[in-house]
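My request is simple: use the sequences and hints to build the entire structure.
For the record, the sequence lines run as chains A and B. In case it helps, the numbering used here puts the first sequence at residues 1 to 111. In case it helps, the numbering used here puts the second sequence at residues 1 to 113.
No wet-lab data here; the hints were simulated from the structure. Be careful, since some hints might not be right.
Said to hold, decoys possible - Simulated pairs of lysine to aspartate or glutamate, EDC-like, Cα-Cα distance not exceeding 20 Å:
1. B:Lys70 x B:Asp30
2. B:Lys9 x B:Asp30
3. A:Lys57 x B:Asp30
4. A:Lys98 x B:Glu101
5. A:Lys98 x B:Asp54
6. A:Lys98 x B:Asp38
7. A:Lys57 x B:Glu98
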Amino acid sequence: GQNIDQPTEMTATEGAIVQINCTYQTSGFNGLFWYQQHAGEAPTFLSYNVLDGLEEKGRFSSFLSRSKGYSYLLLKELQMKDSASYLCAVRFSGGYNKLIFGAGTRLAVHP
Amino acid sequence: DGGITQSPKYLFRKEGQNVTLSCEQNLNHDAMYWYRQDPGQGLRLIYYSQIVNDFQKGDIAEGYSVSREKKESFPLTVTSAQKNPTAFYLCASSPGQEPYEQYFGPGTRLTVT
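Below, the structure is given as structure tokens:
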């Protein structure tokens with residue numbers, strides 16, 4: 001199968017740093033996306049990794065290790081508005097842009 | 001403003017009725033997708049379309065149907081054959097260039113009783 005695993009819930013303190021992990025099966029890997037989704041709203045695109053290494057975008061960074069089937073999303077200087085679900089999605093090769101989504105990690109930021 | 005619209009935001013239906021969910025985009029994207037989201041589960045692909053007049057089944061197509069007569073529009077019909085239709089339905093589209101990220105509409109929450 002093509003399971004995408006990520007923790008169900010995490011909590012963190014305002015101003016802190018949090019790392020959300022995602023693991024996947026490596027066969028056919030063709031790119032990994034992170035999305036943010038506030039409750040009842042649409043997912044919004046955060047980052048994309050297809051090569052090994054770290055991609056930084058302001059307070060958010062995403063890391064990928066293709067050989068380990070592992071990615072993480074790093075959120076710095078946490079704000080209350082960062083309380084949301086974070087979805088890891090992997091694109092596997094197969095002729096079209098199909099994404100397999102993890103169940104999401106619900107992050108609660110508290111004062 | 002470019003974007004994806006879905007209507008309505010909330011929809012209520014009686015069991016046994018078909019219902020059609022609207023999805024429109026003005027991003028000039030060729031590819032469009034329909035997902036279903038249930039609590040505690042990832043988004044699951046229902047149908048997708050790469051070009052006008054063409055579409056393919058996703059992982060959970062049973063009980064659903066779609067059409068793609070125009071590039072901008074990709075309506076989803078939830079038929080009475082769908083056993084558990086109550087869910088949050090998300091439509092997405094993607095451009096024809098790397099990284100092909102998918103842009104999502106605001107979703108329709110369907111409740112069937």
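Given the hint that lysine 57 of chain A pairs with glutamate 98 of chain B, test it: the Cα-Cα distance must not exceed 20 Å. 18 Å, holds
If you draw a straight line from the CA of lysine 57 of chain A to the CA of aspartate 30 of chain B, is it 20 Å or shorter? 27 Å, violated
Is lysine 98 of chain A close enough to aspartate 54 of chain B, meaning Cα to Cα at most 20 Å? 16 Å, holds
Given the proposed pairing of lysine 70 of chain B with aspartate 30 of chain B, does the C-alpha separation stay at or below 20 Å? Given that 20 Å is the threshold and the Cα spacing comes to 10 Å, the pair holds.
Is lysine 9 of chain B close enough to aspartate 30 of chain B, meaning Cα to Cα at most 20 Å? Violated, because 24 Å separates the two Cα atoms, which is more than 20 Å.
Does the alpha-carbon distance linking lysine 98 of chain A and aspartate 38 of chain B stay inside the 20 Å limit? 19 Å, holds
Agreement of lysine 98 of chain A and glutamate 101 of chain B with the hint, judged by alpha carbon distance not exceeding 20 Å: Holds: lysine 98 of chain A and glutamate 101 of chain B sit about 10 Å apart, inside 20 Å.
The structure shown violates the earlier hints numbered 2 and 3.
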